[in-house]
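Here the sequence shown is numbered in the UniProt record's numbering, starting from 1 and rising by one per residue.
Everything labelled a hint here was simulated from the structure, so no lab data went into it.
Within a straight-line C-alpha distance of at most 20 Å, the following computed PhoX-like cross-link-like pairs (lysine-lysine) qualify:
(1) Lys78 with Lys109
(2) Lys78 with Lys110
(3) Lys194 with Lys108
(4) Lys78 with Lys91
(5) Lys108 with Lys78
Using C-beta positions, here's what the derived DEER-type ranges look like:
(6) Lys180 with Arg49: 37 to 43 Å
(7) Pro139 with Glu71: 25 to 31 Å
(8) Ser116 with Leu220: 27 to 33 Å
(9) Val54 with Asn200: 41 to 47 Å
(10) Glu52 with Met105: 22 to 28 Å
(11) Leu161 with Lys85: 21 to 27 Å
(12) Ser89 with Ala221: 39 to 45 Å
(13) Leu199 with Pro139: 26 to 32 Å
(14) Glu156 with Leu129: 19 to 25 Å
(15) Ala217 with Val54: 46 to 52 Å
(16) Asp95 with Glu167: 24 to 30 Å
Just so you know, even glycine gets a beta-carbon here, dropped at the ideal spot from N, CA and C.
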Amino acid sequence: LAMPAHENATPIRILHNSAAHLAGPARSLGAVLMGYLGVRTFCPRPVARMLENVGGTSAMLGLIAMTTDVESLYAAVKALVCVVKSNISSKWDMDRIQGYQLLSMLYKKKRHLLNSHILHLTFSLVGTLDSGRETLVIPNLQAFQDLLCDLEIWHEAPSDLQRSLYEHFYELLTDSTEQKTNHNVMRNMGLAGKLLHILNDPRLPLQTVQSIANVLAELLAGAPDHPSLLRFC
Numbered sequence: 001l002a003m004p005a006h007e008n009a010t011p012i013r014i015l016h017n018s019a020a021h022l023a024g025p026a027r028s029l030g031a032v033l034m035g036y037l038g039v040r041t042f043c044p045r046p047v048a049r050m051l052e053n054v055g056g057t058s059a060m061l062g063l064i065a066m067t068t069d070v071e072s073l074y075a076a077v078k079a080l081v082c083v084v085k086s087n088i089s090s091k092w093d094m095d096r097i098q099g100y101q102l103l104s105m106l107y108k109k110k111r112h113l114l115n116s117h118i119l120h121l122t123f124s125l126v127g128t129l130d131s132g133r134e135t136l137v138i139p140n141l142q143a144f145q146d147l148l149c150d151l152e153i154w155h156e157a158p159s160d161l162q163r164s165l166y167e168h169f170y171e172l173l174t175d176s177t178e179q180k181t182n183h184n185v186m187r188n189m190g191l192a193g194k195l196l197h198i199l200n201d202p203r204l205p206l207q208t209v210q211s212i213a214n215v216l217a218e219l220l221a222g223a224p225d226h227p228s229l230l231r232f233c
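Using the sequences plus the hints, can you model the full thing?
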């Protein structure tokens with residue numbers, strides 16, 4: 001407030017806000033008007049809203065681009081997820097700037113830093129983390145296609161990370177009450193063909209191959225998917 005520590009004469013007016021009922025340090029100031037060197041107003045706003053004034057989600061993607069280790073990458077991705085999930089304007093901004101494609105590109109550049117925690121944050125960003133409970137259908141198709149169905153991101157990752165991704169696909173196809181809708185979404189995105197291409201890698205562990213086979217069995221069931229069936233043969 002630009003006031004000396006011993007100042008006790010300048011009047012300060014505290015305006016009430018929604019936090020006025022809280023006690024002690026939990027009570028934030030809605031605004032402060034003071035008659036010292038002019039009038040200054042302080043209006044606390046959520047961080048997700050404040051980011052709109054300093055670059056929005058582009059700034060968050062910039063943080064991810066600057067990361068150099070696992071801890072900083074996890075922190076930056078977690079910040080992005082929190083902002084997008086708590087502010088609808090940030091979600092629209094990600095669609096406007098094709099932010100999920102940009103994040104996919106950053107993931108590819110930082111494959112060596114990816115781990116299971118970042119994968120689960122990605123599930124949360126896409127909206128499929130609770131696929132068998134709260135979220136019954138894939139809510140964000142663009143994010144799902146750019147981040148999860150782009151198997152090049154995860155192919156060079158550790159085998160247990162790949163297996164977690166394929167098991168997540170299997171849960172969406174079997175454990176959700178909207179499994180038919182999810183099935184159509186994945187087929188339309190060409191996921192079966194991408195998985196068949198991944199199977200050509202002789203380095204895949206047996207457990208990962210089994211996880212892929214389970215997903216393919218679900219995707220190729222039902223109405224014929226001729227291009228994928230031809231690749232399978």
